[in-house]
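Peer 1: Take a look at the letters that make up each chain.
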Amino acid sequence: MNLKNRWFLLLSFVLIFGVLAACSGNNESSSTNEENEKDAEQAGPQKGGTVIGAMDTAPSGQFNPVFYEEAYEANILDITHEALVGQDKTLGFIPQLAKDWTFNEDHTEVTFHLQDNVTWHDGEPFTADDVVFTYKILSSPGYIEAGGIRSYYAEKLLGYEEFSSGESSEFQGVVAEDDLTVTFKFAEPNVKALSDAAFKIIPEHIFKDIPIADMPAASASRNAGEVIGTGPFKFTEMVQGEQYVLEKHADYWQGEPYLDSVIWRVVDQAVILGLLENGEIDFVAEPNGFQAADYEIVEDMEHIEIIEQADFGYQIMGMMVNHRAKGDMTLDPSKWTVNEKLKDQKVRQAIAYAVDRQGIIDGLLYGKGTVQNSPIATQFWAYDDTNPPQYEYDPEQAKELLEEAGYVDLDGDGFRENPDGEEWILNLNYPTGNQLRERSAPIIEEFLEEVGINIDLRQPKEAQSYFEDLEKNAQDWDFYLLGWSLDSTDPDPSGLWSSTAAYNYSRWHNPDADALLKEASTAPDAFEEEFRKQKYSEWQVEFGEDLPALILYAQNKLYAHNSRLKNVDVLPYNFINKTHLWYVTE
Amino acid sequence: MYKYIIRRILVFIPMLFILTVLVFALILAAPGDPFTGKMDPNVDREVYEKQREALGLNDPVHVQYWNWLKGAVRGDFGDSLIYKGRSVSELIAERLSNTVYLGIFTIFITIIVAIPIGIYSARHPYSLLDYGATAFGFFGLAVPNFFFGLVAIYVFSIQLGWLPAQGSVSKPGLEGLELFFNKLQHLILPGITLGLAGTATYMRYMRSEVLDVLGSDYIRTARAKGMTEPVILYKHTLRNALIPIITLLGLEIGILLSGAVITEAVFQYPGIGTLFISSIGNRDYPVIMTINLMLGLFVLVGNLLADIFYSIVDPRIRYD
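From first to last, the protein sequence lines are chains A and B. If you use the working numbering, the first sequence corresponds to residues 1 to 586, in order. If you use the working numbering, the second sequence corresponds to residues 587 to 906, in order.
Same shape as in the complex, but just chain A (with noise of 0.2 Å):
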């Protein structure tokens, strides 16, 4: 990480001396250029030609939708495989593969109609048996043995437990009514059916002899010409490590894809600038989109694109509130110690006020990024961006603060001792691996230390130990940087900030707030959105009032395309939306 970043500094260097050199060139012919473009703008979308995308790191190599991990599968994935719902610009489930759906009267069911002309990729129907078979391979025994990590989409339906232990070999969850009409069925009224909808469908023909256990190694989870989807392309050839191609499926359901292919290549962050200038590829987006720093150099770009948009997931730094003790790897608040340290909310506010956060932004971030102040994503419905506190930078607030806390200097070091007069530390730790979260930690330090507070920032850590430390060796730990990215499909916190999730690393114990979690999910009331958005909103003011973690910003998104590629329709999260739509003007 270290050196991508040091490389790209330099080539953007040598970026900036090569903008100059051909700056008077570029101008004649980007008005040509513009020219052309209208007439084909005129003409309307045109078949043919291809895209090629930049990815930084390489796949891992497993394009099976039901165990792969990384965003870099995702993003051929995404093309490749549909759910049977998706989500619009406003995050509210559209459909899919399944044309519309309906509800019975207590939510435990969900019923599905099928579009009729679905074809997987070679050529054979796609049905309700399809669907089955992709939950049935969530619910099995051994899918999580055989590296599956996505039966969370499957724990809901109705006789998961049974199934997935192996002591009932049959599969109630999802049944297939005919060919076009499939029934969820959950244990209980759930919330969330639709969320749980959206797993990306596999064909049953190509893998229902296959073991699970041998799945992720068989060809058809990993060999180009062998996955097979029902998206609008279909992934035909690779080099592995180092391009990916994808051909459009002609027989695509919502008509044939204007595109003949989508490649993907890797190509090394610091060179994608310079391949996207010169055309050799046309768009970079996620995961990693282009780093804020370059900005200015892609928008003097005459030919690209920017698209810059907020991003699912936040940087904190979280206050241990309470300190789990050693070898306690259970999720039981009540054997808990307290922090002494941090204990006082007020403390916590103070903390809160005494850094700006603008500032960290600006400065770091190049502006490119959002103060935000409850750990929501800020584009869900659920997010409140009024009730919780501001926290806007207000060091005399701070001071007050702690004064009222009891912390002052009593021994005119600088410094304040807690309200027993005793020197009053708290550490900072962190990881390396993220260069602008290990920039910001000692910014922190210095914004804390303005007000008084005396900060042990201590060495960074490697991701792998600090995140074996923050887990079981945090006794003695007081603040803790992190980033989360969060997920798309529904807005609920828990699974970070409920008292017993095993990510709510500062052990934040509140039962005011875990109630308000459990109520905006419990049917039948949650089935309102209005409902929901109301505990989520006490839920927040809550967290911002009590603050286990200070969100330090969320960074944007920064996606660019080469302006031939038209119709690029992006959704909040993805880049990749409508490719079929996709067309280039030469």
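Just so you know, nobody snuck in bad clues.
Okay, the calculated bits of chain A under chain B, using three or more residues with CB under 8 Å as the criterion: (1) 52-63; (2) 217-227; (3) 262-268; (4) 467-474; (5) 484-490.
Computed spacing ranges between beta-carbons, pair by pair: (6) B:Trp-748 <-> A:Thr-50: 20 to 26 Å; (7) B:Ala-611 <-> A:Lys-192: 43 to 49 Å; (8) A:Asp-106 <-> B:Ala-611: 54 to 60 Å; (9) B:Leu-765 <-> A:Asn-567: 33 to 39 Å; (10) A:Glu-161 <-> B:Asn-653: 29 to 35 Å.
Because the hints were derived from the structure by calculation, they are not lab data. This one's a predicted model, so the numbers in the text were calculated from it and none came from an experiment. Don't be surprised by glycine CBs; every beta carbon is placed ideally from N, CA and C.
The hints should help you fit chain B onto chain A, whose structure is shown.
Peer 2: Positioned in the frame of chain A, the structure of chain B alone reads:
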């Protein structure tokens, strides 16, 4: 001679065994495992715990080592913990060929550039070309690989469009001669980048060795006997001057085959180096172990080859 080689090869076995024990102990002692860094809020920690159990990561260290060793002696190095569904052998094989091509190409250009220039510099010391070569030598040693690589990409790929910037081949499905030349094209920039420092080093060595030998008594005697310059140079000087170079090359083979992390990364050239580094970061134990074993073997073989070449170049050296 053959006895010597066989004896040397037999010594490899205990050495490699000790190497695997040490490396295994070290990587398991490092904090974390392949699952520590996986933190998906949707995924219950129990899921990862089950996978740990299934992969045997909760077994005692000696049991894990024994399981690995049992497979390894039969040539089964297990499956990668990170690259799901792919065996370690497959992962390494896929990248080893690239690394070997790059290594051979690099050594090739190092030799054809460094040795003639070194000889010329020694024969015409303090000439313009000698000064030029010296300047190039310092440049080659001083400039960092990644920087040279990026500049080379910028100039030759992005501006001039002569050579491909990234990867080891331009598209899937190439065959025969076309594939060969395409791969060769992709080797030029990373090969030069990687060979730069080596070329500079060998050039300097060659110059000083040849100068040294040329000044020695037996060369003066040879001259006095009336031998022609070419005979003196190629028959008497070169052989002696090459001995230290061979030692260096022997080591270099091991180093080049272990991959060139930085160069590979700049050019996104899929070789062993980047695989090795990322598996260490991910704690992909079977991959780390196997690459280590392989590299250990390369270093030993490289040294053995150097020893054998000594006896060819210098008849005074005999192994019995």
